[in-house]
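**Q** With chain A's structure known, arrange chains B and C on it following the hints.
Chains as they are written, first to last, in our numbering: chain A, 1 to 194; chain B, 1001 to 1388; chain C, 2001 to 2195.
FYI, nobody ran anything at the bench for these hints, they're computed from the structure.
Within a straight-line C-alpha distance of at most 25 Å, the following computed PhoX-like cross-link-like pairs (lysine-lysine) qualify:
#: 1; chain 1: B; residue 1: K1227; chain 2: A; residue 2: K46
#: 2; chain 1: C; residue 1: K2132; chain 2: C; residue 2: K2150
#: 3; chain 1: C; residue 1: K2029; chain 2: B; residue 2: K1186
Computed footprint of chain C on chain B; a stretch qualifies when at least three of its residues, placed anywhere within it, have a C-beta under 8 Å from a C-beta of chain C:
#: 4; stretch: 1069-1076
#: 5; stretch: 1155-1163
#: 6; stretch: 1166-1176
#: 7; stretch: 1204-1212
Yeah, the Cβ is synthetic: ideal placement off N, Cα and C, and Gly gets one too.
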Amino acid sequence: MEAIEKIKEQVVAAVPGAQIEIIPSTPAAQQPALLVDREHCFAVAKFLKEDPRFQMDCCSCVTGVDYLASGFIEVVYHLYSMALKQGPVILKVRAPRELGQCSVPSLTPLWRGGEFQEREAYDLYGVKFEGHPDLRRILMWDEFTDHPMRKDYTPPLDYEWEPTAHDETLARARAQEGIVPPSALVEADKAKKK
Amino acid sequence: MIQPLTEEQRFQLVPGPEGLIETQQLAVSIGPQHPSTHGVFRMDCVLDGEVVVKLRPVMGYLHRNHEQLAEKMAWLGSMPYTDRLDYLNSMANNWAYALAVEKLAGIKVPERAEYIRVIMAELTRLLNHASVIGFMLQDLGAWGTPLLYAFREREKILDLFECVSGSRMMCNYFRFGGLRVDMDEKALGMARDVVAKFPKFLDEFEQLLTENEVVLARCQKVGILPKELAINGSITGPMARASGVEYDVRKVDKYGVYGRFDFRVPVGAVGDVYDRYMIRVLEMREAIKILQQALRDIPAGPHVAPEVKVRNFKVPEGDGYARTESPKGELGFYLVSDKTGKQPYRYHVRPPSFINLTTLEDMCLGHKVADVVIILGSVDIVLGEVDR
Amino acid sequence: MGLLGKGLFAGMAVTARNFIGSYFDGGRKERLFTYQYPEEKMPLPENSRTFPFLVCDDEQDPVGTMRCVACKICETECPPQCIYIVMDRDEKGKPQQRPKVFDIDISVCMQCQICVEVCPFDAIKMDCDYEKSQHGRFDELVEHLPDLLKSNAYYNRIKPTEASAVDARLKAAQEKKAKKAVPAAKAEGPAPAAS
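Okay, chain A solo, but in the shape it has when bound (with noise of 0.2 Å):
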């Protein structure tokens, strides 16, 4: 496989107006990635599939990382070619976190293999994919409303039994209602005695 800053430099030329930028790995994996602007991200991935020097013809892993403190949420595509054999090449889109602008092209009209996964990162990360043949609910059940994958999602307060709570599942426990486990009634009988 080619050095990052060639293949950017190829994909340049290609796609004119794409605004691509290296972002680098820790240094001991050695896997860079190619940063896109949305709008030219379809045009990037359609070259670098049909291109015969790279011929990425399977797209192996599609998944959200929510930038919490950054403000937005990047979709990773991890690109392989079956037929030369090389790869990964790694494309990252970024999109704001507000549900309602948080949107990339889908690739999945390129590569099939990333119908279910593009689901599951809309799904957990609430990313619309622009173009995707049937972007429903895939691992949540429809009538479910938030993105549990989001950083700043909280879950609901259905605290579930449980005998040895400590820390945050024992505050949770004792802010609920009713329901307080028996390790803590250990420790009130105590203060009580005291």
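**A** Frame of chain A; chains B and C shown alone:
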């Protein structure tokens, strides 16, 4: 041969046939509580008579947000949870996760640990493929016999796993930079014994099934997955290889010490259910070859990299993706570490059996309901991994 | 395909061989792999693990000689958070180095052994007792301190190799500490005078 459908065709209701008698299509929901769906998995089918004209997989019944759990605990804390993804092959899952963390942190694994990892992963492949064939035959209606023969062999491998790691299925054996405990001579002897006896079982198993006329009639030309669709649909593992995609992560990435072993990658020609069965049998034979070489060459030495701490383990900031050839396909872990490095900021599993279901509809269209059951059986799904 | 039904008969031959073989001594061991539990129990390998227990040195005085110092490392590291520890305090409220409450919820515990790995005092180990069924789902499945304490002799009995290694390590550490304490006492002697 069934042509892959275009996008428009796939998501539209196919009208019923027009004839003298007025017919109606029938919507049938197979599952989620149904023995043939291998767990809590549902297939919403639209049938025309007995022929499937539309099928939608519905999953999520076993969803426990494994990824969010992992993002709330230390790096090592999710290792036992990876056992519970694909609960038939916990060792293979352990390896994928350990490999991803090692890649991010740049940990070098000692030689002996690498060999033991290969031995464990290949034994896992043996037990997975044997039991999957058993389950598939169960779906065909061969109640008990092939499955119990497979389970008899699986039992021996599970005994070995218990002897080495302490648990039969939830092994939790791999650690970052090596393994939890060393594999002693007694366990190696057991492994040699299993490997020596396995070909005999495989011959017997093949005699039972490979040329059986009922198996041939039910499996051949059923559920064909064309090569182009397999690649485009990110299908990996034995399913892709049965469709003629010559791609094996062990050969391509050469992770661990796989570069040192001599083995072949079996590739199918038709891509039907029978090819998938045959590929699994051949892969077991190749796995035995790898095991023989690994057990012969295993060096002495430490079983874990000494610089890796169990507590306060930290990973440098950044992201990385590592993949392995698990028995079901390409199992990958995408991990992001933040500034603190104490726990994963993002932890994503690329589950092979979940993504292999993408083309389930294309394989099933035009077949009868009874065939849908074996096509699903040949995909080899484990719901712990599909739903996570 | 040659004669139709040939494959079927070949398969039948395999089942017949397995069926008849199970009646002869040679084949029985290979072919019959089940145990008639509970009359007959499967011998467990030494590494086999179920739920954790706390090690104490003396069987007669389990609470006094337990190794646990209530450092709560296992509580924080436990992936499913099934351990609950409260440190003991004396009348004045001074913390004592032993737990007052040590609960393990075995309905939550997933037998992963991480508590054993992170424990710096060799105080918690894995048991191999698997007959833990109870008539209730909640309180009955919580193990408290008295149920959890088991002697080192018991540990040696269930896991001889591992336990002897732990004993040797603890003994060596103790000797090292004793050796260190002697010169340290000597060195400490003149120090205040110098200052």
